[in-house]
Amino acid sequence: MAAATDDAGDSNEMIRVVSSDGEHFEMPEAAANLSLVLRHMIEDDCADAAGIPLAVVAAKPLAKIVDYCTKHAAKSSGLTIEEAEELKRFDAEFIEVDTDMLYDLLVAADFMGVEGLSKLAVQRTADLIKGKTPEQNRETFGIVNDFTPEEEEEICKENEWAFQITKPPSRLC
Amino acid sequence: NGPAASTPPATCEIPASTITSSGVSDRVLYSRMAEGKSENFKQRLNGVIVERKRPRIHLSDLHTDILSRIISLLPLKEAARTSVLSNHWKNIWCSQENLVPMNFKGFWNLQKLKLVYTNVSDEDMQTLVSNCKFLEYLGIINCGMLTRLRTSHPFNQLKHLQVESCTMLQEIELNFGLTKLEYEGPLIPLAPPGPLLMTNVWMKLSDMHAALEYIFTKLPSTLPRLEMLTVNCSELKRTTLPEKTVKFMYLKHLRLELTFCVRTRKADMFDFACLLEAAPLLETLELH
Numbered sequence: 001m002a003a004a005t006d007d008a009g010d011s012n013e014m015i016r017v018v019s020s021d022g023e024h025f026e027m028p029e030a031a032a033n034l035s036l037v038l039r040h041m042i043e044d045d046c047a048d049a050a051g052i053p054l055a056v057v058a059a060k061p062l063a064k065i066v067d068y069c070t071k072h073a074a075k076s077s078g079l080t081i082e083e084a085e086e087l088k089r090f091d092a093e094f095i096e097v098d099t100d101m102l103y104d105l106l107v108a109a110d111f112m113g114v115e116g117l118s119k120l121a122v123q124r125t126a127d128l129i130k131g132k133t134p135e136q137n138r139e140t141f142g143i144v145n146d147f148t149p150e151e152e153e154e155i156c157k158e159n160e161w162a163f164q165i166t167k168p169p170s171r172l173c
Numbered sequence: 001n002g003p004a005a006s007t008p009p010a011t012c013e014i015p016a017s018t019i020t021s022s023g024v025s026d027r028v029l030y031s032r033m034a035e036g037k038s039e040n041f042k043q044r045l046n047g048v049i050v051e052r053k054r055p056r057i058h059l060s061d062l063h064t065d066i067l068s069r070i071i072s073l074l075p076l077k078e079a080a081r082t083s084v085l086s087n088h089w090k091n092i093w094c095s096q097e098n099l100v101p102m103n104f105k106g107f108w109n110l111q112k113l114k115l116v117y118t119n120v121s122d123e124d125m126q127t128l129v130s131n132c133k134f135l136e137y138l139g140i141i142n143c144g145m146l147t148r149l150r151t152s153h154p155f156n157q158l159k160h161l162q163v164e165s166c167t168m169l170q171e172i173e174l175n176f177g178l179t180k181l182e183y184e185g186p187l188i189p190l191a192p193p194g195p196l197l198m199t200n201v202w203m204k205l206s207d208m209h210a211a212l213e214y215i216f217t218k219l220p221s222t223l224p225r226l227e228m229l230t231v232n233c234s235e236l237k238r239t240t241l242p243e244k245t246v247k248f249m250y251l252k253h254l255r256l257e258l259t260f261c262v263r264t265r266k267a268d269m270f271d272f273a274c275l276l277e278a279a280p281l282l283e284t285l286e287l288h
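Just so you know, the protein sequences line up as chains A and B, in that order. The first sequence maps to residues 1 to 173 in the UniProt record's numbering. The second sequence maps to residues 1 to 288 in the UniProt record's numbering.
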């Protein structure tokens, strides 16, 4: 594959990676360097034509991660305000994924050591939790409630301040 | 450009057991295996593709570090509310260390703050105290990480400080406006910025020392305005004071809750005669 897109790194080399389910992907070295794990592998000369095997990252999330790293590596230093804005928009759109993909990205970004993506996914998860009832959060994230009703009530009581809903000031009628 | 191939087959997830030796961390392995146990996965193994109704993801399977990071981004109230989700989430919340969020601007109207069994670091405590400008009461109980407590911050309104069972605590730096101190633990240095206006002190000292001697020789110079003093401690020997000690000139009420460790010896009123000398205006003396 030609290195036409490689306008960021000082090397024109493309790095090949292989997903857990055997799919091959390519990205510029500068993009791969955003992953701590890949960077170490490249430094140790482990990046060969066969590709670096990523045994726990499936093709679907890996395709996303390659996208993310390629975009971010191409626009890494000396950003103009417009470019920074564009990158922000890219991130916002990029992370608009279903919870399954979000989970895969959380695990994969943590495993591959892609700090920016890890932050993005963690923030997105926090945003999804925000403003929901515990029951809604259990449903969204597949959390099994293993408390007895008594235990649950006890926790609510202990953290009463957190469960209180601030009422709007009542008006005198 | 872009990925060489981007359309993975829908049903070919390889289970974690095929992982090669390329430096897979246990945590990811664990997550994947936990996922493998899920109902959906079994259905796919049997070659039946069923439309999923429940989410496949189980956020609880994520490594504690990631969950902890997620919680730390939530507003404090919402973060606390995650403790009711399940036992696992409760444990994550309870072991949360960075309770003071980034860009913490303080609780502007907070007057009373009590921390019980809280892993709060010296720095976080400092940030809390210096950012809650209207704090009048601060209670710190069983906070095992704390080694040095500083309440001496300018503009500090703190009047009542309560410290109990903080085993690692080695020093407390008091603030100027403090009027009441309750302290339970071993005898540790109380470093004041200068003479204090404090009027009420309650102390339960856990180590066996000549606590009374210490109190009556060291404290009058820093607590000249003390009016009420309660001391609960064990005494091994009769208290003796050097003759020219600085006195508690305002002390009106002294309450001693003493345990004598030597059985053969009974409390003798004369044991405390020297204390009366050190507090010439004493009105009430209670002995328990």
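Think of the hints as simulated: they come from the structure by calculation, not from any bench. Keep in mind that the hints are not guaranteed to be accurate.
Said to hold, decoys possible - Partner residues aside, some chain B positions facing chain A, computed with beta carbon under 7 Å: (1) Leu59; (2) Thr64; (3) Ser68; (4) Arg69; (5) Ile70; (6) Leu73; (7) Leu74; (8) Lys77; (9) Ala80; (10) Ser86; (11) Glu277.
The structure presented is a predicted model; accordingly, all values stated were derived computationally and were not measured. Beta carbons are placed, not taken as given, at the ideal position from N, Cα and C, and that holds for glycine.
Each hint tested on the structure:
no. : hint   : verdict
1   : Leu59  : holds, 4 Å
2   : Thr64  : violated, 12 Å
3   : Ser68  : violated, 10 Å
4   : Arg69  : holds, 5 Å
5   : Ile70  : holds, 5 Å
6   : Leu73  : holds, 4 Å
7   : Leu74  : holds, 5 Å
8   : Lys77  : holds, 5 Å
9   : Ala80  : holds, 4 Å
10  : Ser86  : holds, 5 Å
11  : Glu277 : violated, 49 Å
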